[in-house]
Amino acid sequence: MKTVIVVRTSDPHRQSEALRAALGVTLRGAAIEVVIDEPPHTPLAQRATDTLRAFGHAVGPADDMGEKLARADVVEVWTMTTAPTTSPTSTSPIRGASPPRPRGRILHLVRSEPPVGAVAEGDWVVYLDAMRLAGSGRPPLPAGPIDHDQLVQLSFAADLVVTW
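Quick note on numbering that gives the first Met the number 0: the sequence shown kicks off at 0 and runs consecutively.
These aren't lab readings, by the way, just hints derived from the structure by calculation.
Some hints could be false.
[To be verified] Using C-beta positions, here's what the derived DEER-type ranges look like:
#1 144 - 45: 39 to 45 Å
#2 141 - 55: 39 to 45 Å
#3 111 - 139: 33 to 39 Å
#4 127 - 45: 31 to 37 Å
#5 70 - 155: 15 to 21 Å
#6 1 - 129: 20 to 26 Å
#7 38 - 135: 36 to 42 Å
We put the CB at the ideal spot given by N, CA and C, even for glycine.
Throw the hints in and build the complete structure from the sequences for me.
Right, dumping it as structure tokens:
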């Protein structure tokens, strides 16, 4: 199984979390590619990057994103759109705390109907088998058939991408 993990955040804690999660995916035996355009922001992120490369996994910028997504069985997209969490008595970020995940725009990539209640009214849904965008949630593209480039556009426009 091929997994593509896209890391699109400048938040150092979120970037480190994404790269640690990529390492965890390899523990299940999955072949992965990590798409990350920024250099590692923390020693932990650098260690994870070095370990992934040492295990033979590709880590680097998105040069052929459409091809990578077309080959992938699973795609994870890590983004960050909110400011870091702060303590009520301090203006500095809480050490080790991950910022709350925004509800924002959620894109569901599904092979069949998602479980009842899993998709909120404003969520976007793409049916992968038919490469069709549902009309729910006011997506930035018209409902109907889409191509890989449009799938990439939707993925980057979303705050969170969930694959079913």
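Results for each hint:
no.	hint	result
1	144 - 45: 39 to 45 Å	holds, 42 Å
2	141 - 55: 39 to 45 Å	holds, 41 Å
3	111 - 139: 33 to 39 Å	violated, 24 Å
4	127 - 45: 31 to 37 Å	holds, 34 Å
5	70 - 155: 15 to 21 Å	holds, 18 Å
6	1 - 129: 20 to 26 Å	holds, 21 Å
7	38 - 135: 36 to 42 Å	holds, 38 Å
Checked against the numbered hints given earlier, this structure breaks only hint 3.
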